[in-house]
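*Asks:* Sequence:
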Amino acid sequence: MVSLMDRATHADVPAYTDDVLALLVERRRGIAAAEAECAVLVAELIDRQAHFELGFRSPVSLLMDRLGVSAGMARGMLRMAEALREMPCTLAALETGSIDLARARGLVAARDSAPEVFADHEATLVDTIGGVAMSDAQRLLDYWVQQAAPEHSERDAGAVHERRRLFVSLAGGMVHLDGRLDPISGEVVITALQALTDPGNLDPADTRSPAQRRADALVDLCRDRLDHGDLPLQRLERPHVVVHVSLEALEGRAGRPCELDQTGVITPAQARMLACDARVTRVITGPGSQPLDVGRTTRVIPPGIRLALMVRDRGCAVAGCRAPRRWCDAHHVVHWADGGDTALDNLVLLCRRHHRMAHDGRGSPRRE
Numbered sequence: 001m002v003s004l005m006d007r008a009t010h011a012d013v014p015a016y017t018d019d020v021l022a023l024l025v026e027r028r029r030g031i032a033a034a035e036a037e038c039a040v041l042v043a044e045l046i047d048r049q050a051h052f053e054l055g056f057r058s059p060v061s062l063l064m065d066r067l068g069v070s071a072g073m074a075r076g077m078l079r080m081a082e083a084l085r086e087m088p089c090t091l092a093a094l095e096t097g098s099i100d101l102a103r104a105r106g107l108v109a110a111r112d113s114a115p116e117v118f119a120d121h122e123a124t125l126v127d128t129i130g131g132v133a134m135s136d137a138q139r140l141l142d143y144w145v146q147q148a149a150p151e152h153s154e155r156d157a158g159a160v161h162e163r164r165r166l167f168v169s170l171a172g173g174m175v176h177l178d179g180r181l182d183p184i185s186g187e188v189v190i191t192a193l194q195a196l197t198d199p200g201n202l203d204p205a206d207t208r209s210p211a212q213r214r215a216d217a218l219v220d221l222c223r224d225r226l227d228h229g230d231l232p233l234q235r236l237e238r239p240h241v242v243v244h245v246s247l248e249a250l251e252g253r254a255g256r257p258c259e260l261d262q263t264g265v266i267t268p269a270q271a272r273m274l275a276c277d278a279r280v281t282r283v284i285t286g287p288g289s290q291p292l293d294v295g296r297t298t299r300v301i302p303p304g305i306r307l308a309l310m311v312r313d314r315g316c317a318v319a320g321c322r323a324p325r326r327w328c329d330a331h332h333v334v335h336w337a338d339g340g341d342t343a344l345d346n347l348v349l350l351c352r353r354h355h356r357m358a359h360d361g362r363g364s365p366r367r368e
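Residue numbering for the sequence shown follows the numbering used here, starting at 1 and increasing by one per position.
Check before you lean on any hint, since a few could be wrong.
Claimed, not checked - Each pair of labels, with its calculated beta carbon distance range:
hint : residue 1 : residue 2 : range
1    : Thr267    : Leu177    : 17 to 25 Å
2    : Gln146    : Gly72     : 25 to 33 Å
3    : Arg356    : Val69     : 39 to 47 Å
For the record, the hints were derived by calculation from the structure and aren't laboratory data. We treat Cβ as the ideally placed atom computed from N, Cα and C, and that holds for glycine.
The task is simple: from the sequences and hints, build the whole structure.
*Replies:* Here it is as structure tokens:
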């Protein structure tokens with residue numbers, strides 16, 4: 001069996017780039033025309049009540065079974081087929097490839113807001129959005145809905161806000177985030193992330209990918225809120241990350257426990273990094289890990305020394321890094337668990353990335 005890539009390799013592919021692009025455009029127009037034909041065929045199945053004839057409970061279950069599509073896609077196909085019955089200009093443009101399926105869906109959504117007004121404006125809307133980028137096409141349709149059906153536009157905006165979601169789960173040793181935000185909330189998040197991922201504000205030697213920078217920026221925002229924000233108390237204390245670590249692990253050797261409260265086991269190096277600038281509570285345990293004595297919680301770095309360190313370093317001490325002191329940890333050059341002093345000459349401010357690198361053995365910054 002010859003694959004699609006094999007066929008493309010052996011076919012008469014045009015020699016000039018413009019001709020390759022023209023061929024691609026032609027194929028995309030063909031796809032749009034095929035989608036239009038599919039919509040007409042789905043409408044015909046609806047008219048014939050084919051699902052009853054073939055023993056299915058609904059048109060959705062028929063399409064799911066025979067086409068192997070999801071329920072959401074099946075419902076979308078049915079909605080498109082029903083709408084295009086009353087949208088001759090849109091159907092004609094889809095058949096000729098003047099618009100693609102995404103633009104057709106946008107037109108269907110716009111029509112739902114004000115069907116009678118849309119009928120008068122359909123031809124103009126189809127011609128207008130067919131020649132602009134998809135983002136601009138959606139913007140034009142949104143403005144049209146605001147003018148044609150302002151009440152529908154406000155109601156739809158409210159419905160979009162109600163669909164906001166954020167899911168957090170733990171799987172495969174990673175924390176997975178999945179969600180969606182309404183436009184205003186999304187703009188706030190994007191703006192905050194961009195402020196922390198702007199290349200002009202980063203270390204020129206930063207080799208992280210854009211996706212990694214966004215991930216680190218999200219963590220930095222949350223950590224800053226935990227460190228400096230006015231968050232509600234939990235069980236009479238401020239929310240904080242809890243690390244359970246044995247003396248062996250804290251000294252860099254294998255030992256248990258060495259884990260976080262909610263996300264599980266971490267490495268001794270990671271535990272040492274977190275313990276570098278933290279509050280520490282000593283718990284002496286006996287057989288069966290039963291606590292025998294709990295010491296007073298103390299700050300590893302006293303407030304006076306921390307203030308002097310921030311005045312001296314002002315920000316991350318690594319040359320070229322512009323991270324301000326608010327986003328930095330106090331790093332022990334010689335870890336306190338190894339006998340290092342908590343004194344200015346053994347401390348340095350490091351941003352979270354350079355702090356992690358120092359504990360990973362990729363450099364041990366020392367203030368000159």
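*Asks:* Does each hint fit the structure? Answer for all of them.
*Replies:* Hints versus structure:
{"no.": "1", "hint": "Thr267 - Leu177: 17 to 25 Å", "in the structure": "holds, 22 Å"}
{"no.": "2", "hint": "Gln146 - Gly72: 25 to 33 Å", "in the structure": "holds, 27 Å"}
{"no.": "3", "hint": "Arg356 - Val69: 39 to 47 Å", "in the structure": "holds, 44 Å"}
Checked against the numbered hints given earlier, this structure breaks none of them.
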